[in-house]
Structure formats: C-alpha cells, structure tokens
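**Student:** This is what each chain is made of:
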Amino acid sequence: MSETVTQTKSFGERILEQPGPALVWVLGLLILGALEMGAIAEVTVAIVSALASAFASLGTAVLGGPVLPSISGSIAGGLESAATVAAGLPDLVSRSVIPNQGYQTPDGVWHGTFLGLEPKYAWLLRVALVYGYMFVFLWWLWRGYRTYVANYRTADWTPRDDMVRRLRSHSWGKFGMVVVICFVGMAMFAPTVSPSTGDQNMYNMNAHDIQYFDEETGSVEEISVLQANFQSASQGSGSQNVGLWQYDEFNRFHPFGTLTSPGQDLFTFMAYGARISLLVGVVAISIALVLAAGLGMITAYYKGLADLTVVFVSDTIQSLPSLLVLMLASMVFSHHWLGKIYNGGLLLAVMFGIVYFPNMWRSIRGPALQVAEEEWVDAAKSYGQRSSTTMRKHMLPYILGYLLIYGSMSIGGVIIGTAGLTFLGFGINPPVPEWGRAISMGQAYVTTPAWHISLLPGLLIVVVVTGFNALGDGIRDAMDPESEGEDTSAGVGATGGGA
Amino acid sequence: MSELLQEDDPATNENGPLVEVNGLKTYYDTGGLFGSNPVKAVDGVDFAIDRGETLGLVGESGSGKTTLGRTLVQLESATEGEVLFDGTDVTTLSGSDLKNWRREAQIVFQDPESSLNHRMTIGEIIREPLDVHDWPNFSVAVDDPEDRSVSVSGDGIRADPNESADITVELAGAGPSIAVRDALAMNADSVDVSVSEQSSSVSVSVSVAVSKAQLRRAHVRDLLETVGLREEHYYRYPHQFSGGQRQRVGIARSLALEPEFVVLDEPVSALDVSVQAKILNLLEDLQSEFGLTYLFIAHDLSVVRHICDRVAVMYLGHIMEIGETEELFQNPENPYTYSLLSAIPEPDPTADRERVTLRGTPPSPRDPPSGCPFSTRCPVKIRPEAFRDVDEHTWESVETLREILRERENREMGVRDHAKALLGLETGFEDFVDVAEEVFTRNGSLEAEGVATEGLDDSARIERALDDIDPVAREPLKETIELVLADKESRAHELLVETFESDCGEQSPEHHSVSDSGRTSYCHRHRSEFDDTAVAFDDLLSSAE
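In order, the protein sequence lines correspond to chains B and U.
The opening position of the first sequence corresponds to residue 1 in my numbering, with each subsequent residue numbered one higher.
The opening position of the second sequence corresponds to residue 1 in my numbering, with each subsequent residue numbered one higher.
So here's chain B without its partners, still in its complex pose:
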C-alpha cells in the first residue's frame, strides 16, 4: 500500500526536512552496490541479451525467417561491447578476486590460488563472503524499511506492522526464510559459489584446459577438462571415486564429490541446477498465481456465468492426470521452438503454471467471495468506482496473503515435479543441469562409495521444499491475527482484515 497522500508535505519534502537517516541509508546502499558493480552490470547485460535473443527466436519462429538481421546484428554488437565493459568493472565477491583453482607442487606450495591457500579454504572463504555480502545487503534493506517507518512514514501504525511483528516472532517461518534465502543465493551467485564454472564443468568441457602437477613426469602438465573429468568421475569403486570434501588427482577440490561419467563437479552442477529449479518454480507459480488471482476476483465480483465458466475450465484441467499431461507436453513440444527455450525449462514452467492454477483458484475462491460481499465493495460501486479498480484496491489486498501462502507452499511441489520429470528423462534436457538428473545418474550407485551422487541432491530438495513450506507457514500465521494468543499490546483490536 503506497502512502501517496501526505500531510501537506510530499515524501520528498519529508526527506528534505530530515535528511540524516535517509542519507546514511542511501550511502550504505551505494557502498554495497559499488562492491558488486561488475556483477550488477553483468546481470543487467545478461538479462537484456537474453530478452533480445528470446525476442529474435520468437520473431524467427513467428515470421519464419530472421527478423531485420542488420538491426539484431547491431544490437548483438552493442550487447557484446556492454558485456566487455561490465566484465571490466570491479567486483569484490567474484571468482577472479579469490581464485580456488590451482595446483600443488611437491614442496606443498599451491600455485594459482588466493594467497596460496589450499583450494578448499579459498573456496570456503569465497562462499562465506558471498553469503555474508548477501545477508548484509538484506539486512540493509530491512534497515531501510525501519528507517522509513521511524522517520518518514505519516501513519504511526498500519496493519502491516502487526504482520511484520508476528513474522519476526515466528521461528519456524524464520527458519524457512533463511533456507529460502540460502537457496536463492545459491542460484543467484552460482558462478561464484561453485568450485568450477558452468562453462568449464558442463557446457564446454572440451574448450577448457587446466594445469596440474604430474608426479610421474615431475612437471606441470596441461589437460582438457573433459579428459580430467573422465578420469575423476565417481564410478562407485574405491579407486574410481571422488567423494565428499575430497581432491581429485588433478588437484581440484570437490566439496560434494563428482558425478558419474563424465565426472562433473557435483556442487557446481547443483548450484547451476538451483537456477533452473528456481526459475521453473518461480515462473510456474507466478503464472498460476496471476491466473488464480485474476480469475478469482473476476468470478467473485461478477459471479454467475463467469464463475460457471471458470469452474468448468478448472474442473476439466483438474480431471487430467497432471504428470501425464506434463510428459505429453514435453514430448510434443520437444522439437518446437517453445520447447527449446532454456532446454525445455520455460515449457515446463508454463505447463506447471497451467496445471497448478485451478487448485490455487479454488483455494482463494472462498476468501475472494467473502471479500466481494463486504460493504466497502458496494460502497465503491455506489460512488462509481471502476470494477477493475475495485478488485485491485478493495479485494486484492485481502487475497494477496492467501496467494503468498499457497504460492510458497506449492513452489516446493513444482521443484519436486521438475526433478521427478527430469529423473524420468522428460523435462529439462542435458546439458542444462537439473537436480533430478543428478539423482537419476546416481541411482545405480547408492549402495557404493559413490552414494553422494543421489543422496545430496535428494537431501537438498527435501531441505529446500521444507524451507518454502516453513516460510509459507510463517506468512500464514503472520497474516492471521487470531494466531497470536497473548500479545494484545497493540490494543487496536488487531483484526487485520481476515486475510
């Protein structure tokens, strides 16, 4: 809810009147931003170029030929130069500042790593730095909100204050939030937290060489990553296994061990896989939420035929076995351009969104019908408010809470579903990493020393899904004023609106 109205003074004027706290906060934000300027620029460029290429491929698909090649060419050129500029910007939390790949000579000295540290310590330092930076950044945002509340907000109390207070005292919800933040961090900073890089480890193994110290020849040799990976793959037998927290024979550190042939680093695989899971989950849930919220409000406001139509459509979708529909869709679209975006990831997300929305719509239908019966909706009608605005202003805030809860609770299902489909060989195609594929690859080795291949991705899925559910629980309890028993110090009859 934006406080657009002000007490004769606008937001800007209130800040000018008392600039201290705001200046401190903005300064802190700028410092934090400057530390990561390179990454921010790179991400921006990456997003723009991804959009541009998606647009180009869409154009190709729709028009059946390259769209305006000269323009797309010049755009591509521009993006490339922007990428070089971005790469040149300073970036504290990055691989190049704290490298962890190197080799050890017989005298015990490490070459190529950060300050000559052992690769595992260099890697640990980098991971700690990434998460430290992230939590400081989030804390700073939270502080910004507190600064706003304490100094610049005109209302001395809003219903949201009670929600925040309830969420802060909800340990299970906070646990969920930490897990989700760690998961999102892993996905966002995948290139930095991984011991190896995605390009080196998965997409272009042949194009990269690494140096290592060969004891037989007694000199530093070069080998392609593909070769090295083949030789360090976990095959389940004692000699052919790189397990948890071990180095392989090329002096590379593998915190989670290696996969089976061709022996990629499992942690790198998981970090990049987190991106897929998160993307599919977030896109799918967003689609489902937007459909559910829009249809939920329309059906509650107009009732009658609109309601009947949506009931019919959602019943139809729900009567289909969703897993089979998803498999069918991945098969049918496997050679279609839609099925090629992100190696099937987008298709899967869209399908999950469509399959998930009926359930979500039904879940919010009750609350939506309830709020549509409130007299303030009639009041809005009585002074001629547009129906779309009435839905947005007078109904959406009351079902938003439910949407957040159902969204965070079902995102786990989508992550499991994606992993399951990939496990079965549908869903996300190689080489794009997906946790389900790791589980499937390690399935034959669960009783061997290479148990880590299946077990770790499986455990992580469990933890992440639990985390999302815990967060959903926390949000639900925070939204529900009845959930708190004793604390009535707010004294304002905190019946936060039933949402």
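Note that these hints are calculated values from the structure, not bench results.
Simulated pairs of lysine-lysine, DSBU-like, Cα-Cα distance not exceeding 35 Å:
1) B:LYS381 with U:LYS99
2) B:LYS381 with U:LYS25
3) B:LYS393 with U:LYS278
Simulated coverage check for chain B against chain U, where a stretch passes if three residues somewhere in it have a Cβ under 8 Å from a Cβ of chain U:
4) 147 to 160
5) 369 to 378
6) 393 to 400
Chain U residues, not near chain B, derived (Cβ > 10 Å throughout):
7) ASN162
8) LEU286
9) ARG305
10) VAL435
11) ARG442
Yeah, the Cβ is synthetic: ideal placement off N, Cα and C, and Gly gets one too.
Mind docking chain U on chain B? Use the hints.
**Tutor:** Frame of chain B, contents of chain U only:
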C-alpha cells in the same frame, strides 16, 4: 452533469420533489432457466421525497426496506418502475451518465465495521470518491452582462447552469473578477484567468496554480472536521476507531462528492445507544448545513420519530402507510402500523395499554399472499358477512388452519417425497388429526381440557375438538379436515378460502388518503362500508378482555 439532466428545464424541477418513485419493483433471482419464482423484495411502491426532507422507512426485517434504499442509489437494478431524480429516470442510466449521477446520490451503510476497507487509511477512504470523479473539475461560470456565448479552455470546463460552479468569473468592470467556491481550499489568487472578448463571443482560459491532489486533501480534512473527527485522523486506520467514529468516517465519505440525496441505511442500529444520539444529531446538523435530502431506513421507531419529517411503513415489499411522522405515530390508520406501534415498549409500567401481538412470521416474499400482503397476519382482517360475529378463538383457528394449508401447499417436496407419494407411502401428512386438535381446542390439546383421548378414533377426536369452535364455523371446518385426511389437500384449501375469504385476501387494496396532510394507507378498511382500523382494534381488544 449529464446531457440528460441538462435537457430538463430546471424551472419545472426546482419545486417538485427531488426523488419520485413510481411502481418500483425489485425482484431477486429472476433469471431462472426454467421459469423462476423470484423473491419480490420490493413489489410496487410509489412515493416521493421533497427537497430537504427526511423520509423514514420502517418495517420488520425482510420487509424490503434495505433493498428499496439500495435500488434508489442504483446498487440494485430495478425490475420494473421508475425512480425519477430531479425528473430523470435513473433506472435507465448507464455508463458515464450513471457515473455522473452517482455524485448526487450516496449511501451510508449500516455496519461501519464492514463498510470501510481495513487496509486503507481514513484519508484514502474518504478521498477515493474524489479520485474516482476527478474532483474538483474546475467548472467555470462566466457572468457576462452582455450574455455572449462563452467558451472555456485551460484547466477549467464550462459549468453546468444547474450546478454551482467551482470558479465564477465576472466580466463586468475593468478586469475580470474571480470568485472561488468555498468548498475548494484555495483563494482566487491561485486562479489565473485570461479573457479574450469578441463582439459575439467570449473565450476564457483558466489556469489553476494549486494541484487537484492538494485540494482533495484539504477537502478531506474539512470533511473530517465537519463530521467531528480531527485532522490527524487522516493517516489512521479504521481499526483504530470506535464504531461511532467509523460511522462518522462513512458519513464523511458519503458527503465527499457533495450529494443532494443520501440514503441512510440503518446508520445507527449497529451503535451504542449513547453514540446513536450523537450520530443522529450530526446527521441533522449536516442536513441543515448542506441542504441534504435523506431517506432514513430504520427499524427503531423512536429514532425515526426523532429525526424524520415523514414516515413510510413497509411490509413485504409494499408501503402500507406513509405520512407525517407525528400524525402517523399518534393516530395510525393502517392495521400494520397500528400493530407495529403497539409493540413499542411503554416506559410507564402502570399504563394499561393493550398490546397487539402479531401471529406467526411474515410470509416468504417468494410467495406473497394474494390480495393484501398483510392479510395472513392482520388482527383486524375483514371477515365475511356470515362469520362477522364468531368469537375470537374460532376466527384465529380458521386463520391458523389456512396458514398451515397455505404453507403446506407451497412447501418444496423433495425427490424422496415425490417418490413416496407415487408409491403410496407415508408423506408426513397423515398426522393431520393432531394438527387439527391443536388448532381447534382452546388449550392446545384435548388432554389439556381433561378429555380422555384413549379409544377415540379420528373423527371422534375431531368432533370433540370442534366443540370449542363457534357452531357457525363447525361444518366447513369439519369438511376441510375430512378432505385433508382424504388426501385432497388443495381442495381443502380451496374450500377454506371460499368459505372464509373476504376482500382482504382476494383483491389488492388501494392507497386510501386518510388525512388532509396527504397521508395514505394501503388497507380495505378505509372503504366506507367497513369499520375503521381504530374501531376494529377497540372491538378486538375489548372482546379479548
């Protein structure tokens, strides 16, 4: 204002009533696929509300008074009839005409808990109507002594001649003199007007230095003060207020667009008695300050008596009586009004005033009785000639039996009941002897009268029960019961109606004028051949003693 309203000649409307309702019907559930039986919430009402007047609307729950109020502000669409507002039928308005008209008619809801969105601040709530209508529209009236044609450009628009303009430009004298309406919190300095005059036309360009948002905020603050709240409440949420304060916010919101007509839908019934008086006084003050016209819906008769100039009494979608408040309260003419008023508790415990208690509950508005809607419960219903002198117990038994048969006829038979009837199984009608016994005996059952029922067969039991009934009525009643027991229930009902029905249940009454002040009452008793209500009630009460 809309084009439609502009077409009307203001002169003819100024003195007429503000709101005129003709034959208004509002039915619910009309759109059944296989022919429907709608709820007749409002079933043909006619009345008018004068400018500046407060019309009270009273009635039991379910009498349709709230639906009527909601139809007047177009929250429900009328099934039939018209609502003339300043001479325009608003039931036919749609689109932007309807939206423009909504400025003129607002509603205050019953429950201040539900009528304010908890997620918005008080300021946002009161401001919303202003945002919706882009208030103020800076309407400019040009006062030109030469009466040339005027065009307005810039921030302003040309004012509707019926409306008071936001900005008035007077062209007399050396330069144009500017006046700003009081409701706008700016002075004339903030308005810059440039006038170019030709011989036959004037074009006025207006620019306003103050933003609309600022004016709206100032207006909301004024409204807060007008309804007795404080400026700093602007940023509070509804939860931080008491019920009375919230109702003040609801009133402020309804006044934001400066309406002429406000429907007050039981505005104080959800409030503490101590707060009620304050809100009622506020409403009266606002009425005199802004010249408002009220439709005051209530079920608390003392509140109505306090605040209303005229009162309309509603029953089952009909207006039973409408007239001057004091006159109606002192001397009710309609039997329903009479019964309703006799239900007001008397503060003096020693006063021996007879109470009229109404039998049963109002019939369902899906199946209203034929004839007069009150005929099924009326204590002074006109009796047919032959039964005019039967005792009260007999007449009540007849009426009760009729009601039972009527309800049974209208009751919904489920699939199982239908199947049972087809198979000749019991359908729940067979215990009618017990019903008859209970209806006919004075004490409720034969046993209570000391009659041994053991060994009596059905006809003997009925015979004994009919002993309490006036001999004139025994024969038709006995025949009726026999028909019911023979499973000819509809025939039994017909017989009962044929024998005991009068005009009350057969034809709709007329709205008889019952006083010089224009009071009307919807009852057959006002026809010259029948006793008046007061006389009938006197007879009734004296016979009960």
